[in-house]
Structures are given as structure tokens and as C-alpha cells.
Amino acid sequence: MAGINGSMAHLSDSLFTTAIAVYAVAMVGYTAEYAFGRKGRIAATVPVSARELVGAGGPPSTLDAPPAADPPRSAADRIGRWSFAITVFGALIHASSIVVRATAVDAVPWSNMYEFASVAGLVGVIAFIALLWRLPAIRHLGGVILLPVILLMFLAGTVFYSKAQPLVPALQSYWLAIHVTLVSIAEGALMTSAVLTGLFLVKQRYDRISVEPGFKPGSLAALASRLPDGNVLDKAAYRIVAFAFPLYTVAIICGAIWAEAAWGRYWGWDPKETWAFIVWVIYACYLHARATAGMKGRWAAWVNLAGFGAIIFNFVIVNMVISGLHSYAGLN
Amino acid sequence: MTGALRTAVRPVRMAWRRLTSMRTALILLFLLAVAAVPGSILPQRPLNPTKTSSYIASHGGWGTFLDRIGLFDVFGSVWFAAIYLLLFVSLIGCLIPRIRLHARAMVRKPLPAPRNLNRLPENGRVEVADSAEAYAAIARRTLGRRWRVTRREEPGGTITLSAEKGYSRETGNLIFHIALLSALVLIAVGKLYSYQGSIIVNQGDGFCNTVAQYDSWNPGRFASEGKVSPAPFCIDKLTKFTATYTDTGEASKFAADVTYRPNVHAKEKKTTITVNHPLRLEGDRVYLINHGFAPQVTIRMPDGSIVHDTQSFVPTDATTFLSEGAFKEPGRTGAKQDVGISGIFAPTPENTPSGIASTSPQVKNPVLAIFVYVGDLNQDGLPQSVYSLDTSKMTKIGAVNLSIGQSKKFANGVSVTFDGWVPWASLQVSHDPTQGFLLIAAVAMVVGLLGSLGVRRRRVWLRITPAVDAPDRSPTVVSVGGLARSDSGNFSTEFTALLKRLREASVPTRESVAAGRE
Ligand code: HEM
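Same order as they appear, the protein sequences are chains A and B. Note that numbering that gives the first Met the number 0 has the first sequence beginning at 0, numbered continuously upward. Note that numbering that gives the first Met the number 0 has the second sequence beginning at 0, numbered continuously upward.
Calculated directly from the structure, the hints in this document are not laboratory data. Ideal placement from N, C-alpha and C gives every residue a C-beta, glycine not left out. Be aware that one or more of the hints could be misleading.
These stretches of chain B come out as covered by chain A in the derived footprint (C-beta under 8 angstroms, 3 or more residues) [unchecked claim]: (1) 21-29; (2) 32-45; (3) 275-287; (4) 445-452.
Some but not every residue of chain A turned toward chain B, in silico, with C-beta under 7 angstroms [to be verified]: (5) Ser172; (6) Tyr173; (7) Ala260; (8) Ile277; (9) Ile281; (10) Thr291.
Just chain B, same shape as in the assembly:
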């Protein structure tokens, strides 16, 4: 029965041994590197969904195939996860025995001296006038406290000292791998509990940290299942957004002054969020991600009523901030008297043959170019972008370029006035409960690495032999051997220096001065 069990277990043990071997770790690491490559070359859905879908669309069957095997979300794909999970298991499997071995090595005495110290890569010989006993004590003092030293006696009054140093190499290495393991766990846990929301806030407005308010919401698994509820804080008001430019038109600073309450009961506070300085609340961070312009208009509707509206426009050109957007003003339901305006906002306008353009992101006599439509906004159909109109059920009644303060009358009694603009800021709220711990793990990794790569493991043995049948002033012979187990650093130099100290530490005999290092 046990035989059968053993036969059944054997392949499992074999597989485990193979998985946890250094060679497998090496292959898995290499696979991890290779697997990451397509993630940087093909567009990735989580980073850029529009680019991804247009890539798939323009590559036909090939695109669909690549999509099916997960190449547009490499870092979320099954096979990428498989590689790092295997690596993870391999790492655990190789760490457990190493920790055990190292713990044992830490308490065990250094190994006894080999029979023939002359055969070691580093070796030397010293003759001293002290007795073996006395020199053993001297040598021990000379080695100092950094070496772990064990004294043993051999027949014939010979004393050996085994010294070992550099245990922190393996300690560091284990710390590194354990920290790496912890980092992987923390990243995964962080993903589950994290969320990110982003929202465009016009100057003067505010928002609270609730899912419904966000323009886009990116929850981790537990956040989407409602196990993580967003912290109850509010950015009450974006009091002022400022963009500063250099003389040559380069952006030099973006700042959002806000008032906020860390939780609903707290007093209101003021702060400024800039690009590299998010607002850090307990558990959540608020970032200034982007900015833009929100033109303000006054519209006279076909039924004579007056509407004031402010709409944020999206910059379509990242350098000149030429922006695009729409105003959608529903009339009475069913009357087909909705007014829709699609507009282009040019902060520093320039007329070109193909229409209005902008020459700079700084605002100087801005122009709002509008195309005005009347009809049905068609808003009960599919969800629409707030930046564009669905004109399929509308008719165009005119177009005009307006400067601030100008207005224009159109058919159906509609008129539009360009009143001015306010800046908007796009704020992102991020929540990741593990990132602080991750930083600690990362620092531990570095500390471990420094130990692992910077420390040398080395051993030195001394065999102190009393000259047996000599008169009392006879020299004691000390042979010294050294071995470095890792190939960083220059053990040779260190050994020579040690040998010199060992020689100088005692009363030298005349011969040894002459002999020098062997």
C-alpha cells in the first residue's frame, strides 16, 4: 500500500523538485521578461481602449486572434498570471529549505579545518615564538569580533581555529526574496481593494467621493462588489485653477486651489493641488490630472425662455488646447424644439483656411466657434458623449465665431451669447490601501540586495602546531588557509592583509621574518 502511495507521490515530488530548482526559476524569469514585450508594443486596452479597438478593427482576423489570446491586455491575461504564479510557487518552494538551512548554518559552528590548508586558494604560513596555546588566543583577538571563530584541538597539542564571516550575504539574499514575495502579494491585494475615480470639475464646482458622481470609475474586484466603500470626503469647491506659462509659452505650473472636508463632519479646509503634489487624505489621494476650458453661453430658446450654460470642452490638441464640446438644451418634451450647439473653443484664436485654430494654450481674446441645431437631441437612445451632438434628428440653423460678449440671432427665435469661460480641472481620486506597505517591502528588497551582492562569504582556518621535540624557544608553526565562497570582491587582498596582521600580532621568529609569505 505504502509502495503504491510512494509510486503515486513520486512524480509529484519530481515535479515539485523540478519547479523549485534554480534552473526553472531562471527559465520562468526569462519567460516573464519575454511575455512583457507585447505589452509594450501592442496597444493595451486598460491604457488606451480607443487605440486598441481601432487597432483590432484595422487588422481584421489577425486583430481578433490577438485579442482572443489576450495580447491587448497582457498584464491581465491568463498566461501572464500563470507565469508569475509559477514563479511565485517556485520562489516559495526554494525559499523554505533555504531559510531552514541558513537558520541551521547561523547556529552551527564553522566547519573544521581541512587536512591540508596549503591546497586552499589562499594560504600562507607564519612562524611565531609563542606557545600554541598563547598564539591561539592572540590569533582570535587579531581576527576580531566580525569573524565567527571556533577552536578545536587535534591530537598532539595542535589547535585549529575555524573562522567564518559574511553570513549576511545569505541573510540579505533571503530578505530580498521574501520581500519580493511580499511585494507581489501586496500588489495583488492592493489591486483587489483599490479604486480610481476621475471627474472633471469646473472652477466654482465641487464633488463628493461617491461612485455616482464620477465621470469614470475603475474599481478593483472588492470595490466593485461593494466590499470597499469610498471614503466619505468632499472636494467642496474648486475655487481657482491657475495655469502659469513661461515667456516662450511653455507650461510651467498648474495649480488647483480647493476647499475640502476630509469627512462629512469635519471643518472645511483649504489646499492647493499641483501636478506633483496630490492632496493626501486618509486612504485616498486626489490628483490634478488635466485641465481645460469651459465656455459659458446664454441661449434664448425657441419658446423665448433663457438658459445659461457652462460646459467643459475637451482639448483636441495637446499643445494649443484647441477644444471641442457641445451644449445640449432640451426644450419641452416631444416638441422637437431642443437646441444643440457643437462648438470649438480657441484660447488664442487664429483663422486658417480650414477654420478656426489656436496658436497657444494661453487665453488671449478667445473665440467660440459654434454650429447651432434645432430639433430632437435624441437623448433617450444610446448614451451619448457629452462632448458631441447627435445631429441625426436636428437641422442646422447657422454657424458663427463669437468673441466674448458677442451674440448672434438665428432662425426660430434662437440666439446665442458667448459670455466668457472658466477653467476646469480633471481630478482623479485613487485608493490603494497597500501601497505604503509596498514601499516598505521595496526598501527591504534593496537592503537585502545590498547584503546579497555586497557581502562576501569567506572562511579562514588556522592550524597552530607546536614544534614537538624542540628546545623551549622553538617556533610554533601556523598554517593559514582561506576560501571565499562568492566571487565578488577581492578576497586575495583581504587575505594578504589578514596574514600580515596575524604575523605582526605575535613575537616573530627570525626565520619567519626572512621567509615572508609563502
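The following block holds chain A by itself, in its conformation from the complex:
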């Protein structure tokens, strides 16, 4: 059994810290773009086109394309572009931190909470980058998406951190690689969906109350006024779930296959398994809610957030408070 390559592990840790710092710089950039930018105001003032009103179930056509008359690039726009480039750079460093750690432990590097959080954070960033490609109008909101990623990575590097270690026998299975990779990709994507859903709720509330007489805009209203149309946010959040839900399903199946080989049963209602089930059922609820008349919109949005809450619970509380067979979090 190969041991641990110490200097590689160390390099990985440094890259990880650097990635956090780079993301933080990007976040400041996005915030600056948000504060000084005009694009958000444009997005807010572009009237919802008639076409979009007719096609309530149709695609977000207007905002996918850049605003028709692109104004000359402002300073804010340049900052935004730079922030985006910095985000991509951060993601590369982040990815290399994971690859280096994999080399150090000679296995897929997500057998404990730290490694898992790192991978999930990277997926969140990648999902954001992919989203910007389809939905450039929300770039100035990058800070809102990067904030949870930075928070997660900060916790990963401090509270959840564990040294690079070889895998205990139960974890020596390629199903682990598949299972945990899929879970972290799915959960990273669902994190992005949850952020969009949160923004959707803010926007929706703003749309509702801003037309009331005597409305006084607060700080949330400042944010909301620059958000793209609620439909766009809601639909983007849905599309991410439509992508992540099958992935999560496959991940649970792979987990069951692995449990069958390692523990002698494919399902045992271990706390981790129970919460995976709860998360899965909540997102199934979300999909149903979106297909049920009268439950679309706000109701479904709250179900989406509940699903993400369950993911957080499964990751933090189940790992750190409730013990079970899955207690290889690496914290003790």
C-alpha cells in the first residue's frame, strides 16, 4: 500500500488556500461591478417582452442574448470581465489542488469532509461559469454565488480539514470514486440552483411589493432591482435541478451498489443513507411542484431551498453530530 507523499499534500494545501484568495478577489470585483455597473440597471429596465408573456412556459429568450444595443464598455463592465477571468483562474488553481491531492494519496481525493467540500465547491464555481455562458446578464451577481463557495471552502480548510491519509479498507473501491464524484457534482450544482432560487424569491417579493403605494426601497430592493426577470432565475434554477437530479439518483444507486459490496446490504437506513433519501424525495417534490398548477413559483422555490437545507444537514450535522457507518469524515 502506497504511503502519502507529504510534499505533494503540502502543495495541494497551498493551492487550496490560493484558490480561496483568488475567489475572494473575484468576489470583490463582482461586487464592484454590481455597485458601479449599469448592466444590472439595463436588465432591470428592459421590459418583459410580449413574447415572453405569451410563452409563460417557453424559454427565456430575451435575456439569453446580450442587450441589443451594447453600450460602450464601462469601467464596471471591464471589472466584471476581469472578475470572470479571475474566477476561471481560481477554478484552475482549485482543480489543480484537487489533482495534486489525488496524486499525494494515490486515490480519488474525496474520502473525507474536507476533500468532499473542496470538490463540491469547485463544481459550484464551474456551474456558475457555465451559467454565465448562457445567462451573461447575471454576471454582476457573481459575488452572491461565490460567497457560499468561499464560505464552504473556508470551513473545509479550517473546521473540516484533515490531513491526506490513505483509504481505510472499506473505502478502497472504485464505486467510492464514482459515488462520491457524482454526489459532489450533483450537490455542487444544487448549491448553485439554491442561490438562484433565493434570488428568485427576492426578486419575486420585490416585484410584488415595489408596485404597492408607499414602497420604500431598502438594500434588498437595490439588489432586486438589478436582478434579471424572475422567470429567468426560476427557469435557470429548474434546469440545474433537471441536470442534477438524475445525477444524484445515479449517485445514490452507486452508493447502494458499493454498500452491498462493503457492508453486506444495499440499503440499511444508516443516517447518511436516510438523509440522502430525504434529499432525493424533497427534490422529487420540487419537480412535482413545478409540474403542479398553483404550486409553481414561490411554493416550488421553497421546496428547492428545503432540499438544499437537507443537503447541508446531511453534510454538516450527520457527519459531525450523528455517527453511523459513514463516519469516515476524518474529524477524529
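Following the hints, complete the assembly by docking chain B with the ligand onto the known chain A.
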């Protein structure tokens, strides 16, 4: 009479309709999620009976109350079963009409074009120089085979094409739900016919798959009623158990070499069982679950006879494998000359103020600490744990720490020698006849989901109108409308591309080039 019958049936029909509505499914799903929560927070009897009883004991009336409403066995409780049975019925009730509708939709022609295609979310206009008849053929070719197309004629020589695509969304959705239903059935059936037995086997020993041999036996309903008889195979011998550790003392591999016969008449075979690689026999799997140490002693009894004994000890510390156990050697019945030894085995011993401890699960100069008793083992009373002594009718005659090869004399002519140790492996035999089928159902669920969430249902209509009273080179007007029924994907882009292809597929007129997309 029929009126009365109808009145009687009406509430039933209402209830059925309500149960099978999407909203009810939603509520039941949500309830299922909520109901699972206590199962992860409170200790569960099937998983951890000792923890459960100590929890109940330390919570008094509250604990008893929680126990009475089934919160210590959530997934076996009546109310959990009630929720999923309701969901099950709701699912069947909602699937049957959907299957019927979908089957009908599959054979039916796409719907006729709406009167005004400009009102659709996606629409456009093309002017072509072909005749209506010719362009209809061109458009049909352009759409390609992926679209299901129906041609209709309207008065005045107008031709409409209705095209529809993405039926596999509903097909996928139905496959998913049917597979889910099958999975639930398979899980339930599997539970009824399954059994699990586990046994601790010292290196050198073996066992056969019979109920009597197991240390613990967990049958499903039919197995406990004797309707499922354990397959007749034997693990003849655990030839060798090896635990491998890294330089830093982390376990890196556990392996059990065994000889076995798949059935009583078969030839003996050899294999190695490791943690992620059970021995898979027809219908049964044999797992390596745990391991430990079995010290070996030679005891000289009060009557002078010599006894050799090997007993498996349980690890009381999962990281250092400090283990505990007992040797119970009955003397002549009634003579109160039984010898009982309770012992602690330290694989890598360390002396601490509070007694012997271990620093590592690897064996290095191991020590067996023993407490020796003489008297009555009291074995005809309640069943005892094999790992502890009932010393209520015995007297202690001494205690000592022994290294391998050392022995010690005690009172009553008793002496004990620590001869050495062998490893033991805990093997679990599992039988679940449905799990292979369950995997198939699970894969079908995923395939169905991909169709359900990945495919878009969309419709496109073309109305091809010949210009009535124009000279022969007059353009034919084609209006195109599109509608996507589900909100994933970007139909707008697709529609624009389609419109472009439709335009390029024919001889364009000068005006249409100038007009572009409306
Ligand atoms: C065990 C419970 C169930 C689970 C896990 C489940 C899961 C799902 C999933 C993942 C989808 C895909 C969503 C989509 O295509 O947008 C779906 C769709 C659907 N489900 Fe279920 N379902 C369950 C029970 C039911 C029941 C009981 C009903 C009927 C009352 C039902 C009716 C539907 C319908 C009509 C759709 C189509 C929605 C659409 O295409 O937009 N489901 N379900």
C-alpha cells in the same frame, strides 16, 4: 336503485380522484421525507438495539412513549408503511390513466394547426417561390424523420403541416414511475425472502450455512417461517486471515483466505474474501465484516485434567483492538470446580495506571491479562454472553498478565498458560433473491428520468398558403408557429434554426430575403 348506488359510490370516487391527484402525491412525498427524519436522529432498534434500550431507559416515560409510537423503528413502523402504501396506490392510480392517454397520443396524429400561428410563442414567416404542393414536400423533408408530421388540407389549396417531437419525455416519465413502482415491490418481496446470518470463525475453523450454526440470524418473514431454506454451502475452513497495516499504523487491507464448497456435493474451492469483495455464491453472498483475536490457553483444572481452549475476544476499542473475552471450563457437574477466566487481550500492550492498554491493532508481544475464578459457572440459568463471566457463584483466585509462553499457578491446583493466539473473522451470509432485479429497476429509473427531464416536447405548425390571384411566379406564403410544452431547454434557439433551414430549403423570393425573420 342505480341512483342510490351512484350516491354511495360518489364519495369513493371523489376520494380516489383526490388520492391520485398530483397534489396528494406531492403531499405524500413530502410526508415521506419528514417521516424519515426521526429515523436518523433517534437510535434505531434494527441498527443498534443496545443504544436504543439505553436511550429508552434513560428517558423514562418519554422514551416509552416514543417507543410505543414506533419512533425507534421508523422504517418498520405502521405509519411509515401507511405513507408509502398510500403513495404506492396514488402512483398506480395516476399511472394507469397516463399510460392510456400516452398510448393514445402515440398513435394519434399531431393536432391540426391553430387558426392564427402568429399568436404562438414562437412564430415566423417565409416566402418561397415553390408551389404550395412542392414546398409542403420540401418542408417535410427539411423537418426530417425525428418529427412526426401530418399533412392536412384547408379550403383554398392551403396546406398545413403539424409536426410534433419529444414523445420520449412522457415515455421516459412513465418508465421512471413504473420502474419506481417495481423497485418498491422488489424491495418488499426481497425483505420477505431474505435472510442474514453472521458468525465468528477462528482461523482454522469453518461452518456450514445452517441456522443453528450462526451467532446471529436475521430472517425475513418467509425465511423465519421456513419457506426459504438456506442454501447448502459450507465455508470449510478459514485457512488464513491477514490484516495489513501501513507504516503509520493505518489498516490498509483485510483478507480472509477460505476453502469452500458451493454445495455439499461440489469439490472444494479456494478463494479470498476481502472487505469490498464478498464471495458470491448462487443466491448467497459471504462478507468479511470484522476481525479480532482469539487467545489460546492451556488450563490445568482442579482435578488435574488439562484443557486447551481458544476463545474469540471482542474488540472493545475500535482503534487499538484492546479485546475482551472469557474462558469457561466446566468441571464435574455439581462439584463447583468450574474454572472461569475473564481476560483482556492487548495486541501491542502498554501498562497504564488503570491497567493494561493497547497502543495499536497490530500484534507485537501481546499480553493476556486474566482474572481467574473457581466455583459454579452458573450456565444452566439465563443464556450468557460468551464474552463475559457470571461470577456470582465463583470466587476469584488470582489475576496476572501473561506474555506468550508464560504460565502461572493459582490456588486449588489451577494453572494457566498463555499459548498464543489466532485471528478470527466475522463472516456474514446474506441472501436476497431480488437485489439483481432491483438493480435493473434502478437503471430503468435513471433511463426514464433522463428521458423525462432531458427531452422537450415541442410542436411546430406550418401553414402553406398559395397566393391566389397572382401571376405564376408569385410567392407562396408559409407561416410557421412553434410551442414547447415543457420548460427545459431553449426552444427559441431551436426554432430560429429550424426557421432558417426552412427558408434555405427552397428557392427564396427576393422579398423574403429582405424581410428576414418577423
Ligand atoms: C414515489 C413517489 C414519486 C416519485 C419519487 C416521483 C418522481 C418524479 C420525478 C423525478 C418526475 C420528473 C419531473 C419532471 O419531469 O419534471 C416526476 C414527474 C411526474 N410525476 Fe412523479 N413521482 C412519484 C409519485 C408520483 C405520483 C403518486 C404521481 C401521481 C399522482 C406522479 C405524477 C407525476 C407526473 C404527472 C409527472 C410529470 C410532470 C411533468 O412532466 O412535468 N408522481 N415524478
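Hints, verified against the model:
With a cut-off of 8 angstroms between beta carbons, the region 21-29 of chain B has 6 residues touching chain A; three or more are needed, and the interface restraint holds. For the region 32-45 of chain B, the assignment as covered by chain A holds, since 8 residues bring a beta-carbon within under 8 angstroms of that chain's beta-carbons and 3 suffice. Residues of the region 275-287 of chain B lying with their CB closer than 8 angstroms to a CB of chain A number 5, which satisfies the three-residue condition for coverage. A count of 4 residues in the region 445-452 of chain B with a Cβ less than 8 angstroms from any Cβ of chain A is obtained; the coverage claim is therefore met, three being the minimum.
The criterion of a C-beta within 7 angstroms of any C-beta in chain B is met by Ser172/A, whose closest approach is roughly 4 angstroms, and the hint holds. Look at Tyr173/A: its Cβ only gets to about 9 angstroms from chain B, farther than 7 angstroms, so that hint breaks. For the restraint placing Ala260/A at the interface with chain B, the shortest Cβ-Cβ distance is roughly 5 angstroms, inside the 7 angstroms limit, so the hint holds. Residue-level restraint check for Ile277/A holds (minimum Cβ-Cβ distance to chain B is 5 angstroms; threshold 7 angstroms).
The criterion of a C-beta within 7 angstroms of any C-beta in chain B is met by Ile281/A, whose closest approach is roughly 5 angstroms, and the hint holds. A hinted interface residue such as Thr291/A counts as satisfied when its beta carbon comes closer than 7 angstroms to some beta carbon of chain B; here the least separation is about 5 angstroms, so the hint holds.
The structure does not agree with numbered hint 6 stated previously, though it agrees with all others.
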